Amino acid sequence: MENIERNKLHSLGYLSGKVHSLMKKTLTQYLEQAGIPLKVAYYPVISNLWAQDEVTQQTIAEWMGYDRHRVSRIVDDLEEVGLVERKPQPNNLRAKAVCLTTLGKKIQAPVNQAIRQATEQAFTNITEDERTLCVTLLQKIITNLNR
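Those letters in the sequence shown? Residues 122 to 268, per the working numbering, in order.
In short, the hints are calculated from the structure, not lab data.
Treat the hints loosely; a few may be bogus.
Lysine-lysine pairs mimicking DSSO-like chemistry, simulated, CA-CA at most 27 Å apart [to be verified]:
1) K227 <-> K160
2) K160 <-> K145
3) K226 <-> K160
4) K217 <-> K145
5) K208 <-> K226
6) K208 <-> K146
7) K208 <-> K145
8) K227 <-> K208
9) K261 <-> K139
10) K208 <-> K160
11) K146 <-> K217
12) K227 <-> K146
13) K227 <-> K261
14) K160 <-> K146
15) K227 <-> K217
16) K145 <-> K226
17) K261 <-> K145
Quantities reported herein were computed from a predicted structural model and do not represent experimental measurements.
All chains, please: the whole structure from these sequences, using the hints.
As structure tokens, this is what we get:
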């Protein structure tokens, strides 16, 4: 059993998974403390809407690489908590544009603040050089695995 635990501590998959899990937990706590009704998993969708609002679910699916059913469920959830709404498109009666609500726009700064707080917590007691090296190495690993 000791070998298994020691091997985990040197496994890229285990360590990266653990970091992901802990970052998600930490960010969730910061979002909840700020009263922001956003699931961490939905951040990529809403952040893309902050950059380009009023797009179809198909566009979101293309951005994210998700199937349309998954996007529909995400938009349903975001709509339920009041962050987005669906509006009919004048040129296509079947398609609806996903639009940020006032609340969806209003939470951008606090969400970004929560992300900064979680990131700073993750890099506590880590030098700027170590932080830069960590990010650089992770980017290289992503590049290598995307080949």
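Hints, one by one, checked against the model:
1. K227 <-> K160: holds, 16 Å
2. K160 <-> K145: holds, 9 Å
3. K226 <-> K160: Given pair K226, K160 holds - Cα atoms ~16 Å apart, limit 27 Å.
4. K217 <-> K145: violated, 31 Å
5. K208 <-> K226: holds, 16 Å
6. K208 <-> K146: Violated. K208 to K146 sits at ~33 Å, over the 27 Å cutoff.
7. K208 <-> K145: violated, 31 Å
8. K227 <-> K208: Given that 27 Å is the threshold and the Cα spacing comes to 19 Å, the pair holds.
9. K261 <-> K139: With a Cα-Cα distance of about 19 Å, the restraint between K261 and K139 holds, given a limit of 27 Å.
10. K208 <-> K160: holds, 23 Å
11. K146 <-> K217: violated, 33 Å
12. K227 <-> K146: Measuring from Cα to Cα gives roughly 23 Å; hence the hint holds.
13. K227 <-> K261: The given pair, whose Cα atoms are some 35 Å apart, is violated under the 27 Å limit.
14. K160 <-> K146: holds, 11 Å
15. K227 <-> K217: This hinted pair holds, its Cα atoms lying about 22 Å apart.
16. K145 <-> K226: holds, 22 Å
17. K261 <-> K145: holds, 22 Å
The structure does not agree with the numbered hints 4, 6, 7, 11, 13 stated previously, though it agrees with the rest.
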